[in-house]
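Put chains B, C, D, E and F on the given structure of chain A with help from the hints.
Okay, here's what each chain looks like letter by letter:
Protein chains: 6
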Amino acid sequence: MKILWINPIGNDGFDLIIGKMLKESARDGTSLDVVSLPNYDGIVIGCFYDVGLREAREVSKRAVVVAPCQASLVFATHLGNSFSVLVGRRKWIPKMRENIHMYGQGERLASMRPLKMGVYDFQVDLKKTAEVMMEEGRKAVDEDGAEVIILGCTIEFGFHETMQKELGVPVVDAVLAPFKLVEMFAETAGKFGWYPSRKWGSEAPPLQEVKEMALFENITSIGNLLKNDAIQ
Amino acid sequence: MKILWINPIGNDGFDLIIGKMLKESARDGTSLDVVSLPNYDGIVIGCFYDVGLREAREVSKRAVVVAPCQASLVFATHLGNSFSVLVGRRKWIPKMRENIHMYGQGERLASMRPLKMGVYDFQVDLKKTAEVMMEEGRKAVDEDGAEVIILGCTIEFGFHETMQKELGVPVVDAVLAPFKLVEMFAETAGKFGWYPSRKWGSEAPPLQEVKEMALFENITSIGNLLKNDAIQ
Amino acid sequence: MKILWINPIGNDGFDLIIGKMLKESARDGTSLDVVSLPNYDGIVIGCFYDVGLREAREVSKRAVVVAPCQASLVFATHLGNSFSVLVGRRKWIPKMRENIHMYGQGERLASMRPLKMGVYDFQVDLKKTAEVMMEEGRKAVDEDGAEVIILGCTIEFGFHETMQKELGVPVVDAVLAPFKLVEMFAETAGKFGWYPSRKWGSEAPPLQEVKEMALFENITSIGNLLKNDAIQ
Amino acid sequence: MKILWINPIGNDGFDLIIGKMLKESARDGTSLDVVSLPNYDGIVIGCFYDVGLREAREVSKRAVVVAPCQASLVFATHLGNSFSVLVGRRKWIPKMRENIHMYGQGERLASMRPLKMGVYDFQVDLKKTAEVMMEEGRKAVDEDGAEVIILGCTIEFGFHETMQKELGVPVVDAVLAPFKLVEMFAETAGKFGWYPSRKWGSEAPPLQEVKEMALFENITSIGNLLKNDAIQ
Amino acid sequence: MKILWINPIGNDGFDLIIGKMLKESARDGTSLDVVSLPNYDGIVIGCFYDVGLREAREVSKRAVVVAPCQASLVFATHLGNSFSVLVGRRKWIPKMRENIHMYGQGERLASMRPLKMGVYDFQVDLKKTAEVMMEEGRKAVDEDGAEVIILGCTIEFGFHETMQKELGVPVVDAVLAPFKLVEMFAETAGKFGWYPSRKWGSEAPPLQEVKEMALFENITSIGNLLKNDAIQ
Amino acid sequence: MKILWINPIGNDGFDLIIGKMLKESARDGTSLDVVSLPNYDGIVIGCFYDVGLREAREVSKRAVVVAPCQASLVFATHLGNSFSVLVGRRKWIPKMRENIHMYGQGERLASMRPLKMGVYDFQVDLKKTAEVMMEEGRKAVDEDGAEVIILGCTIEFGFHETMQKELGVPVVDAVLAPFKLVEMFAETAGKFGWYPSRKWGSEAPPLQEVKEMALFENITSIGNLLKNDAIQ
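Taken in sequence, the protein lines are chains A, B, C, D, E and F.
Here my numbering is used: the first sequence runs in plain steps of one and ends on residue 232.
Here my numbering is used: the second sequence runs in plain steps of one and ends on residue 1232.
Here my numbering is used: the third sequence runs in plain steps of one and ends on residue 2232.
Here my numbering is used: the fourth sequence runs in plain steps of one and ends on residue 3232.
Here my numbering is used: the fifth sequence runs in plain steps of one and ends on residue 4232.
Here my numbering is used: the sixth sequence runs in plain steps of one and ends on residue 5232.
Excised from the complex, chain A in its bound form:
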């Protein structure tokens, strides 16, 4: 199956490494190579703000669109009664909390804890990042009563395994969660015909409007990067 990962942020410094990570976690037969928009089997919004999710869904044709926050909640609600989200900065909290409520999981949110780090800080000093995440994760479990931890930024990748071993609760990675979910949706679209609805509010906008939005014009496709850079 063919998956498109959209990086909604201009900066493409993390695309290669995220691409590698996805390759390694993919099922046999799942491809990240990209040819053209109409042929995608699934699309992932690559940002935990789930930026443009609704818009992408309207123009995605037959591809199910998945986003990190909504996808992480699918895992969290099946693995425990409550969860905490470790975000980068306090600034991120209101919008992400609003999304979590909109997705219907506000009651299960134990806390949102800021790590006091920006997007570009997580992957600089890995030891320090790990320490801060562990500290806040532990407080989330012990003080806030979280039964599951969600890493609230796609760039917080690479830490979940160590964390869950030490904390003793599942730690959901915001890259892997939407990727495995989109694989499943791509499969069920093909096998059972469960393509996105195109009725009422899910109707695609008039072609003219889509062109004006130019949503996919400047997408830096991780898949293309991977092809060019010959990741095996």
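Derived by calculation from the structure, the hints in this document are not laboratory data.
Heads up, the beta-carbon is just placed ideally off N, CA and C, and yes, glycines get one too.
Honestly, I wouldn't trust all of these hints.
[Unchecked claim] Below 25 Å or equal to it, Euclidean Cα-Cα: the simulated BS3-like pairs (lysine-lysine) are:
| # | chain 1 | residue 1 | chain 2 | residue 2 |
| --- | --- | --- | --- | --- |
| 1 | D | K3191 | C | K2020 |
| 2 | C | K2128 | C | K2020 |
| 3 | D | K3191 | C | K2191 |
| 4 | A | K2 | A | K61 |
[Said to hold, decoys possible] Have a look at the derived ranges for each label pair, beta carbon to beta carbon:
| # | chain 1 | residue 1 | chain 2 | residue 2 | range |
| --- | --- | --- | --- | --- | --- |
| 5 | D | E3203 | C | E2107 | 18 to 26 Å |
| 6 | B | K1127 | D | Y3120 | 56 to 64 Å |
| 7 | B | V1051 | E | Y4120 | 54 to 62 Å |
| 8 | A | K128 | F | E5203 | 20 to 28 Å |
| 9 | F | E5107 | B | G1190 | 42 to 50 Å |
| 10 | F | L5126 | B | R1054 | 39 to 47 Å |
Just chains B, C, D, E and F, lined up with the frame of chain A:
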């Protein structure tokens, strides 16, 4: 991976046919054979009331437990803005509506429409069942504004493909939805260590209590049936 | 009037003492003796998880079914603006919180405080239990702003009077609350014909299904115990 | 026990007949005679808008205050999954709906149906009133799915028994419901010490403020009426 | 335009100074002089409990009625994501919290912090009041994450400017907020015909009932005071 | 004061006429001329989807940002108990309903009625548009119980006065509502220092990020149009 399908209803008349259906939709390498409880990779509650979901989750050890209603909502919320549930009898509505609200998706529920059929009626006169389902499904879309249809009983299997072709919206089958979801959870448990939390409210009850509950004592395992009956 | 108290837990060690307590608090003419199911005037689920409440209501015929958590909320919402629940273990919290939200009183819940004691611990060292309950009760009032305390387990009986004297707020006992409420419902059933609805979702299930559920088969009737043991 | 029934409407034309009705439904030993405010065991707000409920609760000293709408919901939620309220005029709906939501029962509200009659119309042409109530009650059950009917005005008294016989669902009378509930609270106050909380938001206002509010100054006490008119 | 400010509290000690404050903040052409009820362009309930708001709206004829709490929320929700309310006493919290939820802004409420002062204390020792407000305001921002502060009593006037300078977040004054809002509504009523709805629940009550309520009988009109006292 | 009206849709065919309309409804001294971003007193998102509202608020510096849907709700909630929104197409409903719930007014929404017209249809055949709007508006009032009508598209301008005269309920225009509200906020910003919070979630993003977003780069400023076209 090894999946357990629990039939919480005493009557086992549909186990064989549901087992066949799951076999056909499984990935390569997914097995429904059952050896013993501790080794399950995933468990499905086989009833759209999601009966005993919370209790099963407490005693499931390392297996993620999935249930038809909650699983169908994962599909419905990714395929459209709103959904209707086609239930058997009006009697089923309050409990199922309560579950849908509890899962946080009450706002997206367009309607619940009774087919005026009991569990044992769906598979008797297939032509008549199809007609009734199509009629109520069409009303759900046209009058109630549903963008997705959910079949609100595991025994409403076998109809979703014809329906979605005619109605033009995705129709989520309550057998296939939890099965594909549990496959994914079984995979992510193994690959990423995302096993159920056992912290706070997810802690397993004392062994003594579990024995008294005798939850799994009389399970008619579909897997065993399948093995015995040599389904290929 | 005739009241049935169902002990949903296998262990019957507390039945006698709870029976005595109910006898003493009963109105003149209220009887706990039990003859046979069809003649009950009221039924109480004897566990603060309100286990099987919905199912019991479907098969209760003309008896109103009352449960400790839901009943305690009737008292708490008439006695103050907010309440805290003193539960045994942190493990109990998610399910009980879910119930409180489902009953529509989530906004009034100030806190749930675990006493770090199991069901079988409350009645062992009464002095120690009283101390722990007082300490957490005081924190519930002073730190969490509770105006009423609910004792979140039927086995936390025997403490409410001392507590409310010292804390200066009403302390609702989870045995007495449902008992007085069911007495009222038994009376209004007889006087005004306010029997449980049997329409739509409240319709009784087919007789065959009830037999399979065997809900009342092994009930240890407190009433029978009382009769046999000649409590006066 | 001593109960005070407050008639918040200036007009006292219905006090005598409501008083008679309460006398007949009272337990032995329940008295409606009134001596002075401090000695009440319970207080009822005699209007389905639950007017001044919060204020009355603050100044009620040791008397639990009960109101028709909130009390009727206690009955409705124990007798079925959903209810409809038969109100007089469409004008009444928004405020009453707001109250029902505030009491946490908005999810269970099937519908509010106006009878197109004012307070003073219900008791004029009893045959016509009965017809209108039966017609709207039937629609509430059949079209809106109500399992219980609540009569949404204290002056809709005298109809519930005929209605519930014909409709086959319980019909909650807004006079009897709060009265039986306040009897129970008066009893549990005396027996278990469950008096209203006077902590935090339930603290009584300063005496000076109460005087200025003059809440009880011009109350037409039904109890006094009854005493004077020598109802037996 | 002509604005009426209703002081629902008996005591009129603050009317003169609030009147002055409003005069200074009024647009050119806004008058607070009062002639008679029917000619008002706008009405303000002068108490943060928003006492009698619904009733006043029913009888206000063509005047839009505004209340401090609801009006402050209009400002707070346009100036930030979350807000805290600084109330006088802990006693005030439940009713005000209930209002905030009823107005639909419960999710944005970061905290309610009591200043431990009564209505008559705020304007006695201004330096001490300022200190306490600053201390609680700072905690609201730093500990509770408030992005905006609302002063939860009309008598907390005179402090917002100093506070917002020191705290670095907007501080909404409960006198100025409803006043500027009512000016706008008075203008849009005249310009666009946006007078209060008089349909369904907004229908005015029968004249007889209004007379019995005598809502406006003893209003101490600030406007009249101002006229008499010749404020310039 | 200086107001910026952002037209988030590429097409600028309606800018001139909306600009004229705003000029006519402005207070003396309100200017729509635009010089540069930093000096705005207020900003309006010119689309009823409230597109980009959160993002615009983060980068608006000292200007309060107002949007048509949120602003219309301020009017609707002060003019009546419930409202209906007349939208163009059924497709618009889910996103707009989601916004209304997010703004906390979901409980007051009587209905959303599609006019079956697109954005570019409203101003083509004015007589036909008026007829359709009147028909749906009447149904909203009579069948859905709406006390106020909101016109759910900025291009539905020019109809509210005739409609409210015929329907007898206030009809809120989605151009005028945000414009008058932003005028008020611009005034209170200057007079009382009520500028947008820049704390926590309201903190402005790093300058670099704003440049990358290029939010205001291609804005077709109505103000500039007006200046150039010399509207008086």
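Consistency of the hints with the structure:
With a C-alpha separation of about 16 Å, the suggested pair K3191 (chain D) and K2020 (chain C) falls inside the 25 Å cut-off, and the hint holds. Distance check on the hinted pair: K2128 (chain C) and K2020 (chain C) sit about 23 Å apart at the alpha-carbon level, within 25 Å; holds. Under the criterion of a C-alpha separation no larger than 25 Å, the hint pairing K3191 (chain D) with K2191 (chain C) is consistent with the structure, at around 24 Å. About 14 Å separates the Cα atoms of K2 (chain A) and K61 (chain A), which keeps this hinted pair within 25 Å; it holds.
The hinted range of 18 to 26 Å is satisfied by E3203 (chain D) and E2107 (chain C), whose Cβ atoms lie roughly 20 Å apart. Restraint check, K1127 (chain B) to Y3120 (chain D): a C-beta distance of roughly 59 Å satisfies the suggested window 56 to 64 Å. Our hint of 54 to 62 Å for V1051 (chain B) and Y4120 (chain E) holds, since their Cβ atoms are close to 59 Å apart. For the pair K128 (chain A) and E5203 (chain F), the supplied restraint of 20 to 28 Å holds, since their beta-carbon distance comes to about 23 Å.
The supplied range of 42 to 50 Å is met by E5107 (chain F) and G1190 (chain B), whose beta-carbon atoms lie about 45 Å from each other. L5126 (chain F) and R1054 (chain B) have their C-beta atoms about 59 Å apart, which leaves the hinted 39 to 47 Å range violated.
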